[in-house]
Amino acid sequence: LGAICDLADQYGALVMVDDSHAVGFLGKRGRGTPEFHNVTGRVDALTGTLGKALGGASGGYASGRREIIEMLRQRSRPYLFSNSLAPPIAAASLKVLELLSASTAFRDRLEANTRFFREGMAGIGFNVLPGTHPIVPILLGDAALAARFADAMLQKGVYVVGFSYPVVPKGKARIRTQISAAHSRADLEFAIAKFAEVKTELGV
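1 is the number of the first residue of the sequence shown in this note's numbering; add one for each residue after it.
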């Protein structure tokens with residue numbers, strides 16, 4: 001992202017970041033990808049969703065300089081032809097932002113939970129895509145296997161999603177897990193144990 005900002009400076013371009021999967025988690029204060037890459041003041045427009053890291057509400061947002069936002073209010077067809085957020089959803093989203101601004105406790109807990117789950121899954125022999133993000137893909141390769149695995153996990157009380165082509169490349173089917181700050185250590189231990197059981201049952 002820093003190199004993209006350098007190019008934008010060089011050629012007089014604007015930088016827009018869709019930060020749907022990062023705001024609330026990435027960066028020391030959870031301010032997202034620009035903070036993580038130390039380019040917060042160099043991103044012209046930041047967009048994202050309220051339906052992922054910020055708690056699962058619907059809707060989204062766009063932020064940036066006043067002239068950019070005023071232009072979007074007049075020219076953005078998705079904005080112009082969409083309904084407004086329901087007041088309870090807007091209030092809940094604002095509260096989430098207040099909580100994240102006041103403390104990094106939720107972000108720190110999410111980071112710790114993610115590390116524990118990733119290490120636990122790798123420790124029982126799963127191929128976990130490397131990284132620190134709380135969306136943790138467990139690679140299985142075969143689409144039918146991923147579907148069977150997700151079904152078996154649900155029967156054991158753990159909801160996960162099997163992803164396969166065309167969502168991911170052929171031969172790269174996976175189980176997608178999403179770690180939360182609300183997960184307790186017992187929740188994560190339970191999930192890891194059930195992954196181990198299904199792994200044995202399906203001969204993975």
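Please note: incorrect hints may appear among the correct ones.
Unchecked claim - Derived DSSO-like pairs (lysine-lysine); straight-line CA-CA distance at most 27 Å:
id, residue 1, residue 2
1, Lys52, Lys156
2, Lys172, Lys95
3, Lys194, Lys52
4, Lys172, Lys156
5, Lys156, Lys199
6, Lys172, Lys52
7, Lys199, Lys170
8, Lys156, Lys95
9, Lys156, Lys194
10, Lys52, Lys28
Just so you know, the hints here were simulated from the structure itself, not pulled from any lab data.
Hints and how they fare:
no.: 1; hint: Lys52 with Lys156; verdict: holds, 25 Å
no.: 2; hint: Lys172 with Lys95; verdict: violated, 38 Å
no.: 3; hint: Lys194 with Lys52; verdict: holds, 25 Å
no.: 4; hint: Lys172 with Lys156; verdict: holds, 24 Å
no.: 5; hint: Lys156 with Lys199; verdict: holds, 12 Å
no.: 6; hint: Lys172 with Lys52; verdict: holds, 23 Å
no.: 7; hint: Lys199 with Lys170; verdict: holds, 21 Å
no.: 8; hint: Lys156 with Lys95; verdict: violated, 34 Å
no.: 9; hint: Lys156 with Lys194; verdict: holds, 7 Å
no.: 10; hint: Lys52 with Lys28; verdict: holds, 19 Å
Taken one by one, the earlier hints fail for this structure at numbers 2 and 8, listed in ascending order.
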